[in-house]
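Protein sequences appear in the order of chains A, B and C. Counting from 1, one number per residue, gives the positions in the first sequence under our numbering. Counting from 1001, one number per residue, gives the positions in the second sequence under our numbering. Counting from 2001, one number per residue, gives the positions in the third sequence under our numbering.
Treat the hints as calculated values from the structure; they're not laboratory data. This one's a predicted model, so the numbers in the text were calculated from it and none came from an experiment. Built from N, CA and C at the ideal position, the CB exists for glycine as well. Incorrect hints may appear among the rest.
[Said to hold, decoys possible] Here are the simulated lysine-lysine pairs, BS3-like style, with alpha carbons at most 27 Å apart:
| no. | chain 1 | residue 1 | chain 2 | residue 2 |
| --- | --- | --- | --- | --- |
| 1 | B | 1161 | B | 1171 |
| 2 | C | 2103 | A | 561 |
| 3 | C | 2100 | B | 1085 |
| 4 | B | 1161 | C | 2098 |
| 5 | B | 1023 | A | 584 |
| 6 | B | 1159 | A | 584 |
| 7 | A | 584 | C | 2100 |
[What the hints assert, rightly or not] What follows is a list of derived Cβ distance ranges for each label pair:
| no. | chain 1 | residue 1 | chain 2 | residue 2 | range |
| --- | --- | --- | --- | --- | --- |
| 8 | A | 551 | B | 1094 | 47 to 55 Å |
| 9 | B | 1062 | C | 2010 | 25 to 33 Å |
| 10 | A | 588 | B | 1024 | 26 to 34 Å |
| 11 | B | 1094 | C | 2098 | 19 to 27 Å |
| 12 | B | 1001 | A | 594 | 36 to 44 Å |
[Said to hold, decoys possible] Negatives, chain B to chain A, calculated, CB over 10 Å:
| no. | residue |
| --- | --- |
| 13 | 1038 |
| 14 | 1060 |
| 15 | 1145 |
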Amino acid sequence: MLFNRVIPRRGIALLGVGSVALSALITIIAGIKFLSIPPAGGAYTTTIYTWLSTGGFTADIAFRMDALTLVFCFVITFVGALIHLYSVEFMKDDDGFARFFAYMNLFVSSMLILVLSNNLLLLYLGWEGVGLCSYLLIGFWYKDPANDYAARKAFIVTRIGDTFMIVGLFLLVITFGTLNIDTLLRQAPLVWSSGSPVAVIAALLLLGGALGKSAQLPLQTWLPDAMAGPSPVSALIHAATMVTAGVYLIARLNVLFILAPEVLAAIAIIGAATLLIAGFSALTQHDLKRVLAYSTISQIGYMFLALGVGAWSAAIFHFMIHAFFKALLFLGAGSIILLLHEEHDMHKMGGLRKKMPIVFLTFLIGGASLSALPLITAGFYSKDQILWFSLASGIGSKWLWLAGIAGALLTSLYTFRMIFLVFFGEAKTEPKHQPGPLMTIPLIILAALSLIGGFIELPHNLGPVHLFSRLLEPVFPALILSESHAPEWIIQVISALIAIGGIYLAYLLFNKKTLSSNVIEKSRLSHFFYQGWGFDWLYNKLFVLPLVWLSQIDKKDFIDKFYSSLAHAVNYSGTLLSRTQNGKLRWYVMVMVAGLILLLTIMLNL
Amino acid sequence: MNTIFYITAAVAIISSLLAITNKNPIHALLYLILSLLSISVIFYTLGAPFIAALEVIVYAGAIMVLFIFVVMMLNVGLQEEQENKWLTPQMFLIPSILAAALLVLFVIALKDFHFEKHPAIVVGPKEVGISLFTTYLIAVELSAILLLAGIVGAYHLGKQKKKVIHRFLVKQPRIKK
Amino acid sequence: MTVPMETQILFAGVLFLIGLVGLLVRRNIIFMLMSIELMLNSAAMVFVMGGAHWGHADGQVMFIFILTVSAAEVSVGLALILQMYHHYRTLDADSMRKLKDHKANENL
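All chains should be modelled from the sequences, with the hints used to inform the complete structure.
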């Protein structure tokens, strides 16, 4: 940023992309080393120095990479590098080119600190850092006040979650005396019995933090508005990485959450509810990026659902696959919006199938993966695993599974509604030109990963490939399946049918217009869904308006006036007393005499 | 002796009161001189004849005469209306209250003292002179310097920038033929 | 028998208070100076009374010094009054108010 005018665009781009690409390379090398020679204790650790050491509490700048962290680092750096490459072309006409890359790099470093730290205090540092960068990047085009509002909203809502989290951290420090993750996870079962109230409270508080960052119920209102930022920002922060920080937190502290089964159940229920609510809302949006935003909320709901039923590695698997296809979708949406002269409304797009073929193909692949098209897309494998475990896990239930299935139907419905509206039909807006190579190459790479990424973890009945769960086995406790459950293949068939059915339904509604979609689009219910189920309205009435009213009352700052009234009183008495200095000789004599009388009275002890 | 004291004390108080409430400055000064004279008599009854004489000579004879000179030089005149306006009975209220309060305090303070009764001793000028020029010689010299300072100060302060020439001494302008 | 000491001092006190009242009441500066003289005189009188009570000459000596001081003070004071009259053409003590606190007493 300092050298904005000094270093030419090329240099900035090289610096910005190069640093992240370098990190990606290092991650891959470290990963290869990790996989070939697993380290002792399941992790690499490095301590840089002692950050603070007060009153018996110590926190270090120390990093720890185990399998979970490795997966996250890989996603962050690799997808991050691709997105940085894409942004070189996306932001090339923007004045804030250098500022953009500075913020993005800061974000990547904060996120890496978050996943790599070995104690919760350093994690919180990264947590706050990503929150800051999210604010900076959402409000990147700060000249428009609507963007500033969206940035502030994001920051404040996540702040609520962060406050819960810090209180939870305090509780942990008081109970355990340390925030070192290893120590915590070892000590927790010894100090807390399962279901003890302190454990439940601590878990709830940490969950609050996760809900804020990952935009789940009830703190999900900031994510759709965060689409005011540039599309690469949405791709990196609000699809792949920052919003998954909550997932990381819960996965990392899995022991704590297991000790509070009520909280785990709450996580599952929140995940299920969120995915349904977001799914319905996504169905009625006009703005292309808002569909994707609600889709993100919905998919993270799936991850929370998986965490809540104890399917830890399934959640992380879905996180990785989701990062691939959601980043792809956002980058594709970004190129569409950019090349259609900043047009966001889907109903004004159309027929881009022939006009922007590469974007169409990659977008289609991403959408298919999102809808979990069976067998060929990676999304099928990850989502199917979650659905299976939601039913079959010891703490799962069929209601959760039903919610997941309904959510899957909604997912394919809104995804293909989006695709049909944007790419099929007649063209309403013409693209400026075709996207350049720097934009299409990341799209192609991510599309490939969305297809083949799933093949590293096949379900039990389809094949003996379990690379991913084997990798994460040391990190997570084993998942206990319930006693009686339907065989797996029935579940898979049902979910496959749902996915295809959803696509067909979308085809009928939005392409062939066989069934009338106008009635649905204009109904009151659809408006309710469009407004995000009224959460914004509710929060406005509950919190925003009373606070604004209070601050209006306090406009003259009457509390401060109480304190300044002391100063005013002293000032006033000084003014009063200085009136006695009126220059009249006789007045002075009189005052002297009065003082004399007073003195004599005192001296005579009257 | 005592009756002379009480009578002259009464005279002194009455004439002082008249002095401060008079509108004419000359009259007030004359009343003040009367008061000083009666005080001189009191000094004589107390057995301080030298001081009695000094009071008359210096205080009543020099200082009050100086006052009268200045009043005459200022040529202020009677100033009846002005004094009427300034000296209203309401003005006496607060000073009287303060004075009364002080008087009460004096009385209370004096109650606790028990003075032995001594016979009256006349301290003549001889003792005073001896005391002045042996024990308190330094003070005499200092007061001489003080008087010198007073003279110099009075001369300097009395000078006027504007030369006030008596009208008879002003040169009449020649009438050009 | 001499007059009791309390009476003497009380008499001097009364004269002092009369002078004080005169100082507070009168606005003409000549009268104020007169009242001051009265006060000085009564204070000096107390010294003489004290000296007479003990039979020393010290009281009378003190009276002489007070007299000296009073003389010097009167001459300088009257010279000042002359200056005041020549500059301001008035003998009003209340009009000499230039040393007041101007900000607090604008209207007074």
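Hints violated by the structure (numbers, ascending): No numbers; nothing is violated.
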